[in-house]
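Asks: Below are the chains, spelled out letter by letter.
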Amino acid sequence: MTFIIDDKHTAQRVKNLKCFSRFQWSMINKMKFRPKTFLYLVRALFPQWNFFDRIAYDFELDYQLEHASWQTFCLDQKHEAIGLFISPKMNLALACSQLIEQLAYEVQDSTTVIHEHAVYKMICSMLKFHFPGNKIQFKIVAVDESERSDLFLSGWIS
Amino acid sequence: MSLEFSLKLTSLLLGLAMLFQGIENFLMGRSPEFRTIWNSENLQEELIAGLPLPKSIILKLFSHRGFLILALIQILCAVAGMVFFHWVFFAILLVCHLFTCIRFRGIFNGGSDMMTFVVLTGVLIGGKMGMIYLAIHGLLSYFKAGFSKLRDKSWRQGRALAVFLGRSLYPDIREYARLLAQNPRIGLFLAIVVIAFELLAVALPFGRQYLNAYFIVVVIFHLVVYWCFGLNRFFWIWISAWPSIYYTVSLVP
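Residue numbers (the numbering used here), protein chains in the order written: chain A, 1 to 158; chain B, 1001 to 1253.
Calculated from the structure, these hints are not laboratory results.
The reader is advised that the hints may include incorrect statements.
As the list claims (entries may be wrong) - Here are some, though not all, of the chain B residues that point toward chain A, as calculated from beta-carbon distances under 10 Å:
1. Asn-1025
2. Pro-1032
3. Thr-1036
4. Trp-1038
5. Leu-1098
6. Ile-1102
7. Gly-1106
8. Tyr-1142
9. Lys-1149
10. Pro-1205
11. Phe-1206
12. Gly-1207
Computed from a prediction, not measured in an experiment: that's the story for all the values here.
Note that beta-carbon positions come from the ideal geometry of N, C-alpha and C, so glycine has one too.
Sequences are here, hints too, so could you generate the full structure?
Replies: See the structure below:
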């Protein structure tokens, strides 16, 4: 049995493949894809088991409305009877408290303008949701066992 | 415990955990607070940068409607997985969970998200290998947590527990933290108990006779963690890893 190699068709296929990979690459470039952000978004796939292992700073979100004094944003919850099974309120509050922590880390690590970060926008949305129609300013406070220090102060948000 | 029984029990418990998570996601997705904070306007720039997908697909996948549909698919697949024990449902659950985590910028509920992936992977690998993989991660999760605590000075001094309890979102638990801070000896005793309990996990394969007693302590431990910090997802997903631990320990001569 003999195979007939059709050079014309093979060349066309190679050309098509090259065009396709060039198209894919240009799509990825257009999409502004950043592998570092991708790894950040899928980090739950890489397990780490260091729970409550060291006392780091706790981060609080303080806010002030116009002509009012600073107050700490409260995420307090109550125990619920079916909370062991289904607890959307508590989990949402935990996610909000995680946002505060993420903003604190991004403020310290970031080299870009923090106002463009998703987490900054989300904290602004959270405060606007709880205090609609108010001009509001917030700060992130690092709280240790013995001291409190301001980490970040926002501008006025309306 | 036989391989077949441990696989079925793991699948059942995993399905249950994913069912609860799916219902929570659905209820959260309907809350105005969630819709305001986790809206696509806030998230889209990061998602476009982090996912190699066209913008139009990203916006559809991570819309509010998309999140609710994802939660519904998770609920249906969790129930189907518990009834039919077919790997396809668990593969879909893995995709659902991945998209949920991405929606919450990588992690929604800390370690429970990671353990959910581990249990899902174990069930998908299936057979003896899947159960052993899951058991190793399960036991390692306790040991690693204990070892990290042992290395930390604040845990060795007994201060850490009061500090962590003081950060609970439950005001009544913060009251206990204040009492604990005033009684450092109790704090130290509890810290030693927690560290010893977590470190002992790796000894279980060599002490099969203590497995039931250890499991009872595990259930109490996770219930206490839930009561103190509201981490209900941790309870269900860690318990679902236990049939594999029972099976793997039974393999040790």
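Asks: Using Cβ atoms only, decide whether Gly-1207/B comes closer than 10 Å to chain A, and label the hint accordingly.
Replies: With Cβ-Cβ at 21 Å, over 10 Å, it is violated.
Asks: Classify the hint on Ile-1102/B as holds or violated, based on whether any CB of chain A lies nearer than 10 Å to its CB.
Replies: holds, 5 Å
Asks: Holds or violated: the hint that Thr-1036/B contacts chain A, with Cβ atoms closer than 10 Å.
Replies: holds, 4 Å
Asks: For the hint on Phe-1206/B, does the least C-beta distance to chain A fall short of 10 Å?
Replies: Violated, because the Cβ-Cβ distance from Phe-1206/B to chain A comes to roughly 21 Å (cut-off 10 Å).
Asks: Does the nearest C-beta of chain A fall within a distance shorter than 10 Å of the C-beta of Leu-1098/B?
Replies: Holds, because the Cβ-Cβ distance from Leu-1098/B to chain A comes to roughly 7 Å (cut-off 10 Å).
Asks: Regarding the hint that Asn-1025/B lies at the interface with chain A, is the smallest CB-CB distance below 10 Å?
Replies: Check passed: Cβ of Asn-1025/B comes within 8 Å of chain A, closer than 10 Å.
Asks: So, as I understand it, the hint says Pro-1032/B touches chain A; can you test that by seeing if any CB pair is closer than 10 Å?
Replies: Pro-1032/B check passes; min Cβ-Cβ to chain A is 7 Å, inside 10 Å.
Asks: Hint validation: Lys-1149/B versus chain A, beta carbon distance must be below 10 Å. Holds or violated?
Replies: Since chain A brings a Cβ to about 6 Å from Lys-1149/B, closer than 10 Å, the hint holds.
Asks: Is the shortest C-beta separation between Tyr-1142/B and chain A less than 10 Å?
Replies: Status holds, d = 8 Å.
Asks: Given Trp-1038/B was flagged as interface, is its beta-carbon under 10 Å from a beta-carbon of chain A?
Replies: holds, 7 Å
Asks: For the hint on Pro-1205/B, does the least C-beta distance to chain A fall short of 10 Å?
Replies: violated, 18 Å
Asks: Hint Gly-1106/B vs chain A: min CB-CB distance below 10 Å?
Replies: holds, 5 Å
Hint violations for this structure: numbers 10, 11 and 12, all remaining hints satisfied.
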